[in-house]
Structure formats: structure tokens, C-alpha cells
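Here are the chains, one letter per residue:
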Amino acid sequence: MKRLLALMLAVVMITAAVLTGCGSGSAAPAGGEGLKVGFIYIGTPGDVGYTFAHDQGRIYLEEQLKDKGVTTAKVESVPETADSEKAIKNLIDQGCKVIFATSFGYMDFVEKVAKEYPDVKFFHCSGNKSNETNFVNYFGKIEQARYLTGIVAGLKTKSGKIGYVAAMQIPEVIRGIDAFTLGVRSVNPTAVVNVKWTNTWYDPQLEKSAAEALLNEGNDVIAQHQDSTAPQIAAQEKGAFAIGYNSDSSKAAPKAYLTAPVWNWGVYYVDQVQKILDGSWKAENYLGGMHEGVVDIGPMTDLVDADIKAKVEEVKAKILDGSLDVFAGPVKDQTGAVKIAEGATMTVEEQQACKWFVEGVNGKID
Amino acid sequence: MVRIVKRTDLTKRQSVMFRLLAILGALLAAGIFILFLGFNPFRVYLSMLDGSFGSLYRFKESIIQAIPLIVSSLGISIAFRMKFWNIGAEGQIIMGAFAASYFALYWSNLPVYVMLPLMFLASAAAGGIWALIPAIFKAQFGTNETLFTLMMNYIAQKIIVYVQYGPWKDPKALGAGKIALFGDNAALPEVFGIHIGWIITVVLVVLVYIFINKTKRGYEIQVIGESENTARYAGMNVKKIILSSLILSGALCGLVGMFQVSGVNHTLSYQVANGVGFTAIITTWLAGLSAPVIVIVCFLFAVLQQGGTFIQTAFSIHSSAAQLIQGMILFFVLGSEFFIQYKLVLKQKTDKLIKKEAA
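Quick mapping for you: the protein sequence lines, in order, are chains A and B. Residues 1 to 366 (our numbering) make up the first sequence, in order. Residues 1001 to 1359 (our numbering) make up the second sequence, in order.
No lab work stands behind these hints, which were simulated from the structure alone. Virtual Cβ for every residue (Gly too), placed ideally from N, Cα, C. This list has only true hints and no planted wrong ones.
Estimated spans, in silico, between C-beta atoms of each pair:
1) B:1009 to A:116: 55 to 61 Å
2) B:1108 to A:280: 41 to 47 Å
3) A:314 to B:1318: 39 to 45 Å
The whole structure should be built from the sequences, with the hints applied where relevant.
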């Protein structure tokens, strides 16, 4: 009996396959004319966070370059496993000639696929690998924006304790915490930043419980490096304040949300794809800052007092004109030893390998 | 009131009709859903097929998806033949992957012709042991194997989470919780662009078919499935047969773990089994535990999965929506199985029947 079912299914599917076989000729996948750009995301744009920010960039890219025949495709919720390799290959199979892989853990798989498809251009977000021809990495100096949000948190806290929900123990996250703490301490020299790791980029439940634990320990401002808005929601439920990340998430927790370091990926995406269209594209890694418009501090809500806003604007102007480098020495590590000497700063290479916390961070790196 | 009564009166033709209706119903219901999403259901369905057959690459991807399903289903079918409800394929796959990865990562200098057989044996052994543990407990203490094997899945997964974020963490990953990629000597070679696991799969299908239908042990397994007492009366050592068959069942699932880490992922992660062990339970059941039918059913499942991934990008349908369509189709197909085996009867009617019989 069950065999019959399977056989019938097979017959139906095969007949349909034959039918599509005939039909698919007319509906050939795009790619002949315009340029198709593929994106793979770790989460869904519904996270109002990290993936949302990238997806806004994708939509902006489509809007700006639609007239030149640029189309986009996306795959959501791709885990940082060999599934990402498959997702990329599927996009290439569907005609994509440019791939933006937007999460750190895709790195080794992107590197591998880049070798197999030399005529496709690969952009990997937040990693440190690349090649000379068709595989580059890109990121932004989000620490500039984190420093500014640190100022907001440092002036807002009453208990002098700020909680920080952090995803993975990788340099990107670690130096973000460092920059944030430097911002906090620039206005509140005795405040401490307490870090809790979640070991995941996107798990609203886990992010929320980490934030709740921090709130129970007396932290009255919650900052975060995660993909969702769960930490802000936790802060709102406990009547505390929160700094978001990635995009303006004031609607998710209106009674807690102060501001956030935000991404404007569209600026970069349009620039690169335009260069590919012009034929002037070169395989160059990218690290854009506030000056380029890729990163910024998001709009500050009414919960941020006017004098704090003024302070932030003052410091922001210094970052924009280049007179302030957030990692400028002297900077001490957790033990009090000077890690960055007076007059020096953290080079890009040092930033990409950063595995230490500055003084004022209360947390551990395994 | 409504009662559920076992069907005995269904002709072959009627049961085929039921199943066809189920498939039609599934396509219809999912079609309405697709319409609500603002797409043309016919185009979406055609595109699903296009996504799984439309090019050589897509066809290969469908096969790569079918391989782990087929081999896990074979493993599960052996246990199910004895009415031993092995829900632990997921965990057995994970442990097989774990054992194979150990050699790939820590004996990485071995030449390929030593490495691959070693990984092969290690994965089968690990999967076998993982299935043997609940079997021993059932044989000795009469524990419930469904719950036991299910729990073993979570233990297996947490072991991998632990090593992935702990001792096996790739030191070059700058702190990210991932295990290093294997060397080329630990990668299954490809034949016609698909890892060699597909040839092994074909061989296994034939072997399992012969084992169940043509060997003494296969016959014994079938007898135990029909009635343990009959088997005992016939002088079979039931305990021994169950234990050894469970090793075989787990070993097959363990092999899937090796195929996935060595042939597809080239690394280990706690998502390695990715639900295959659970999906395989459905495919095994739908295939009526028969090895050749398992191949067909698993391939159709792979088509459904591959097509689902395809429409996600082709139509920009949300990933959950694509899964929902798959789920609806599955729901109807499985649901029809229920109505083929049972029927719903109004209570008065059954009362009448009972009275009639009593009289």
C-alpha cells in the first residue's frame, strides 16, 4: 500500500518535471542582461538588528541601481556551517555574479567557494581573509559609534554599572566592548562595564536572559553586541535603559532605548556594485568609518538629556574631523598595564587580532 | 460522537485514490496559502521542480540531500522491523560524525587510503554503540526505547556543542566557536560531481534488502516484529538478535555522520545532523520499511527540500513560508495514511454494529 503511495508521488512529480523541463526554457534564470547580486543572512530582516541593517543596504542598492539592471536575491537564516557554502552555490546557480556574505562564520566557506568560481566576486563581512582577485572582506569602524554610545551610557548610569550582552569572543566584539568602555570612562572614570557572553549571534531568548542576569546584578544601562532587540526589551521590563545595536530599534523598547551604533551598509554596497558595473572594481578590503557614512550613532531618543546629546555631538565632530581616535593611547588593560602607549593607537592588524579588554571591563575572554 | 475504527474494507484502488486526493489536497491548500502571499501557486510549484531538477547542479544537490535520508532510513527500518522504535537516528548520526571527525582532526597526517576507511569504521562503531546503549537498557531493564533513544539525541548534540566551543575550537578562528576544516585527505572523493557516498548508498540499499528478505537473520528480525513470543517459541535468542540488529541500525546512521562531515561539510558542527534523523523516521514509515521504496520516498523528500530552498530565493519568499509549504504537503500525505488505516464512524452506527454482532 505504502509503496503505491510512493509510486504515485513519483509519477506525479516526474510528469510535472517533464512539464517544467519544457517550460523552463522560456523562463530562463536572469543573469544574461543585468547584474544579479546575492546576499546571505544569518538571521531574518525581522530581527530589527544586524540582518535588518544589511537588508536595508540591499534594498537601497536595488533602489539606486535598478535602472542599470541590478537585481538582488537573498537567503535568510543561513547557519555558519557548510550550509552557507550551499546557499552561496545556490545563489550562483541562480545567476548571481556578486555575493555578499554577511556573517563572520561564513568566512572559510566563502574562501573555498571563491576558489571554485573565479568569475564571481565575493564580499565577506567582518572577517580577515581575502584574496587578490575575487574575494574581499569589508567592515566599518563601528567602534567610533560605540565610543559615542559609551558616552551616553556613562552619563546615564546611576549605579556606575553598565551591562553588556556580547555574542562571540572574537576581536570584532572584543574591541567593540573596549571602545564602548573607553567612551564610558571618558565621562565617568569609575564606571564599570560587566560583560556576559551568549556564544550566539541571534537567539532572542538567550540574549534576553543574559540581559536579565545583568540587570539583577545592579547594572542599570544595558548595551549589547547581538542581532536582536531582546536585551533592550529586557531593560524596559526592569525599568532600566538600553543601548541597541545595528539599527534604530526605538520602537521595540520605547521606554528604555537611548540610541545605538548603527550601520548604513547601502553606501558601501552601491559604491562597490557601481564599480563592478563600470569595470573599475579592484579586490580591496574595506574598513569605512563615520566619515564615509557607513557607521553612525543612531538618533538619540528623548530619554537622552540635552546636555548628554550636546556632549555626544561635540565628540562626534572630533571623530569626523579626525582629531579624535577612539583607541589613542594611553590605554590600559584589565590588569592596569599600559597596552597602547601615549601617542600610539591600535593598528588595523592589531584591531583584527584584539583579544584583550581595557581597564574598566569586568569580563573574561577564554 | 465519533469513533475511530480500523479499516478492513479498503480495496487497493480506493487506497490509491485516497493518496492521490491527499496530494491534490496538499497542493490546493498550500496553493491558497501561496496566493495569500501574493504569488501564483502554479509558478511556485513549477519553480520548486525547476529548483530541484532544472540544472545538473540542482539535480546533484537534490541527490546530495537524499543520500543522508536514504541511509538513515535504512538504519531506522531495521529497528522498526522489530517494532523497536529507534527515534535516535539524529544522535547516532551526530556520534558517527563525531568519531569520524576525531580522526580527521587529530590523526590528520594519515594517508587518504587509511584515513577514509578509518573514519568509515569509526563512524559506524560510534553510531552502533549509541544505538546499543538504549537497546541494552531495554533488554535488561525494560526501559522505554522511544524516550531513551530520543534523549540520547540531545546528549549527543550537547557533546558536540561542548567540543565545538571548548577543546576542539579552531585556534585560528580568533575565538569564534567553530571547528577547523578538514584536510583534503579526509574528504570523500567525488564521482560524477557527487561525493562517493552515493555509490555506497546504492550498495547499502541492495545489502539491506537482501539482509531483510533473503537471510536467516533478516527472517528472524521479521518474526520478532510480528510476535516476540512466536520468535521465542521458535527457539530464537530474541535479546541477542535485538542487540545485534540495533548495532547495525545505529551503524548505518553513524555512517551518515561520516558522509556529512567528510563528503559535504568538511568540518564538524553541532548542526551536522540538521534534523535528518527525524525526517528519516517519516520517510521510513512512508516507505513501509522497504529498502527500495525508501530510495524513492527519500528522493522525493529531497526534491521537496531542495525546491523549498530554491523558491525562497527565486520568489523572495520568507524562509519560514517555504518551510510552511513543505509542512503542509507533508501534513496531508501523512494524514491520508491515517484515513487509509482507520475510518471515523458516528457512535450510533457503531452501537448498532455491536448490537448486531451481539445478536
